[in-house]
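Turn these sequences into a full structure, and let the hints steer you where they fit.
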Amino acid sequence: MHVALKIWRYDADSGDRELRDYEIEAPEWACLLDVLDLIKDQQDGTLAYRKSCRMMICGSCGMRMDGRAVLACKERMLPIVERGHVPVISAMGNMPIVKDRSSRSSRRT
Amino acid sequence: MEAKHDVLIVGAGCAGMRAAIEAFDAGADVALLSKIHPVRSHSGAAEGGINAALGNASEDDPEKHAFDTVKGSDYLGDQDAIEVLCNEAPDDVYQLEHWGAVFSRTEDGRIAQRPFGAAGEPRTAYAADITGHVLVHVLYEQVMKRDIQTYEEYFAWQLVINDDRCQGVIAWDLLNGGLKTIGAKTVILATGGAGRLYVGTTNAYACTGDGMTMALRAGVPLKDMEMMQFHPTTLAPTGILITEGTRGEGAYLLNSEGDRFLERYAPNAMELASRDVISRAEQTEIDEGRGVDGNVLLDMRHLGAEKIIERLHGTRELAMTYAGVDPIHDPIPVRPGAHYHMGGVDTDLDGRTELEGLYAAGECACVSVHGANRLGGNALMETITYGKRAGRHAADWALTHTTIEVPESVEADAERDLKILLDRTDGERPWSIRNELAETMHENFGVFRKEDQMREQGEIVSGLRERYEHVVVEDKGDVFNNDLTQALELGFLLELAQCMVVCGLARKESRGAHARPYDYPDRDDENYLRHTLVRWIAEAPVLDWKPVTMTKWQPMERTY
Numbered sequence: 001m002h003v004a005l006k007i008w009r010y011d012a013d014s015g016d017r018e019l020r021d022y023e024i025e026a027p028e029w030a031c032l033l034d035v036l037d038l039i040k041d042q043q044d045g046t047l048a049y050r051k052s053c054r055m056m057i058c059g060s061c062g063m064r065m066d067g068r069a070v071l072a073c074k075e076r077m078l079p080i081v082e083r084g085h086v087p088v089i090s091a092m093g094n095m096p097i098v099k100d101r102s103s104r105s106s107r108r109t
Numbered sequence: 001m002e003a004k005h006d007v008l009i010v011g012a013g014c015a016g017m018r019a020a021i022e023a024f025d026a027g028a029d030v031a032l033l034s035k036i037h038p039v040r041s042h043s044g045a046a047e048g049g050i051n052a053a054l055g056n057a058s059e060d061d062p063e064k065h066a067f068d069t070v071k072g073s074d075y076l077g078d079q080d081a082i083e084v085l086c087n088e089a090p091d092d093v094y095q096l097e098h099w100g101a102v103f104s105r106t107e108d109g110r111i112a113q114r115p116f117g118a119a120g121e122p123r124t125a126y127a128a129d130i131t132g133h134v135l136v137h138v139l140y141e142q143v144m145k146r147d148i149q150t151y152e153e154y155f156a157w158q159l160v161i162n163d164d165r166c167q168g169v170i171a172w173d174l175l176n177g178g179l180k181t182i183g184a185k186t187v188i189l190a191t192g193g194a195g196r197l198y199v200g201t202t203n204a205y206a207c208t209g210d211g212m213t214m215a216l217r218a219g220v221p222l223k224d225m226e227m228m229q230f231h232p233t234t235l236a237p238t239g240i241l242i243t244e245g246t247r248g249e250g251a252y253l254l255n256s257e258g259d260r261f262l263e264r265y266a267p268n269a270m271e272l273a274s275r276d277v278i279s280r281a282e283q284t285e286i287d288e289g290r291g292v293d294g295n296v297l298l299d300m301r302h303l304g305a306e307k308i309i310e311r312l313h314g315t316r317e318l319a320m321t322y323a324g325v326d327p328i329h330d331p332i333p334v335r336p337g338a339h340y341h342m343g344g345v346d347t348d349l350d351g352r353t354e355l356e357g358l359y360a361a362g363e364c365a366c367v368s369v370h371g372a373n374r375l376g377g378n379a380l381m382e383t384i385t386y387g388k389r390a391g392r393h394a395a396d397w398a399l400t401h402t403t404i405e406v407p408e409s410v411e412a413d414a415e416r417d418l419k420i421l422l423d424r425t426d427g428e429r430p431w432s433i434r435n436e437l438a439e440t441m442h443e444n445f446g447v448f449r450k451e452d453q454m455r456e457q458g459e460i461v462s463g464l465r466e467r468y469e470h471v472v473v474e475d476k477g478d479v480f481n482n483d484l485t486q487a488l489e490l491g492f493l494l495e496l497a498q499c500m501v502v503c504g505l506a507r508k509e510s511r512g513a514h515a516r517p518y519d520y521p522d523r524d525d526e527n528y529l530r531h532t533l534v535r536w537i538a539e540a541p542v543l544d545w546k547p548v549t550m551t552k553w554q555p556m557e558r559t560y
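Note that the protein sequences, when read in sequence, are chains R and X. Under this note's numbering, the final residue of the first sequence carries the number 109; numbering is consecutive throughout. Under this note's numbering, the final residue of the second sequence carries the number 560; numbering is consecutive throughout.
Note that these hints are calculated values from the structure, not bench results. It should be emphasised that the depicted structure is a prediction, and the values quoted were computed from it without experimental measurement. One or more of the hints may lead you astray.
Think about it this way: if two alpha-carbon atoms lie no more than 25 Å apart in a straight line, the pair counts; the simulated SDA-like pairs of lysine to any residue are [said to hold, decoys possible]:
#1 X:552 x X:519
#2 X:419 x R:46
#3 R:74 x X:64
#4 R:74 x X:509
#5 R:74 x X:37
#6 X:64 x X:254
#7 R:74 x X:317
#8 R:74 x X:314
#9 X:419 x R:14
#10 R:74 x X:419
#11 X:450 x X:266
See the structure below:
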């Protein structure tokens, strides 16, 4: 399937933010996390986000899709693509953004 | 040097955190270092439970537990290590309970125990089907309570070896960038497995064998690396885990003809035979045309909605999300997937490696408790019991030794090597190498192994390693550069793959997870009742052997 996304990018050095468009071919079983992986691999190695278990238990890939908090490993993209929708992906709220999809998550200062 | 500690633990899953707590309570200055937040560790994805002979569901004792484990290991497990595990397990589980682990209960309020594969008694304590998640959180509470320093999102890359001792770790600071050296009198590796060697795996993205390869590069041998367990019930296409607890609760495995095919492979234990036996049975059914789109079917409909929702709630959610199937109404398509490395860093009963000051515990270690095939529920138990033992010994050693010295040249060498990688702008990015490695390992080093395929895999991995020498990291930034850490992880995986192939070719028999039905279909105790050892010498794996420790059980025919 052909997936289109808009991703809020954040440059840690300059502090610049930019909503960037991405399009990529993905298998129909892909979830949002799989799509981000394909983009990072094939189009933009600087895209930053956390991931680990990819089975809804660890919480690493928490981010926002159209303003709603989601686990990227849980959100199947097929129904979104079938609706012709282009979701906007951004970092979790409540904590300062480190880079792209990654908010600060730890006690570290 | 950034900081110094008595005991530095790399990896903050169950083994790492249990080691940290024990070392702290022994009076040591302890720190944890992990590339992800501790509660995101893959221990948290363990579902089914933790084995201890509590005797709450039947007459049970540690000796029965030990025998089941020895037999399950296809006699490759070291029996002294297994006896230690099984004897200490009950107290270690009660310790977790006292710390607040919310185990599922019997009617009269004791810790409930469910049947599990190849276990003679219902011995697996559990918290519904999220046991690992519960344990990770309980251990993290104890870490917080002790205010143990945690280097979160530090990616450990190299061990510091000086004066023939391990004296710390060099890590990449993910949040801020830059290499940081943490000195330590003792280092405990607790970095988990390397399931990412395979395209279909239950393992998290984080499971890239970091600790195993760091030890290997430091001259420490790895043991039984050919022994990769394939779990019988994983979801296509990516290998997400469906717990053995489903079969513990009574689920059936069916082929395309609706037969409970295990009748023909394990007529007594049926769905509760050991994992190697069931994975081979499934693969045979699939290969002989009795599969369903490359899967068999896990049927739990007869358990009823109430039991499924109460005890297997997480499993139901996984099946609905990733397979589009509600197991209350339909069977789940499942197939074997890479799950657990029985092999790992060679250690003694206190987690000590050959290198002074270096310890290992949990999946990244090989004591060896699991031998050629691990029993479900024994991995979590090993993380707790051997995490505790490694933590205690490392603390005792550290408290009687005083100096930490990291020569400037060690840090300078690491900086130089990293700069070479980051400065490279022209060449291939790592992802296609990573994908080819995972696909070919699955194809050529899977449930069944053939001599020619293993040889071919050795050549493939050599070729991939050559390509890796010229790999390019696209992200040159300091902040959250996981483009860099993913490239370093691939380097870890490639060396492990080469070790596995060398060990697999050398073991000319079928034992546990290492099945060679085409040329060596039988177990050969005369020649191969011994561990493979592999060392890294001049950029290549070199094979050696090590005897198996036997205490009271002589090898017998293994049927279920």
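How the hints compare with the structure:
| no. | hint | in the structure |
| --- | --- | --- |
| 1 | X:552 x X:519 | violated, 31 Å |
| 2 | X:419 x R:46 | holds, 18 Å |
| 3 | R:74 x X:64 | violated, 41 Å |
| 4 | R:74 x X:509 | violated, 42 Å |
| 5 | R:74 x X:37 | holds, 20 Å |
| 6 | X:64 x X:254 | violated, 30 Å |
| 7 | R:74 x X:317 | holds, 10 Å |
| 8 | R:74 x X:314 | holds, 13 Å |
| 9 | X:419 x R:14 | holds, 23 Å |
| 10 | R:74 x X:419 | violated, 37 Å |
| 11 | X:450 x X:266 | holds, 24 Å |
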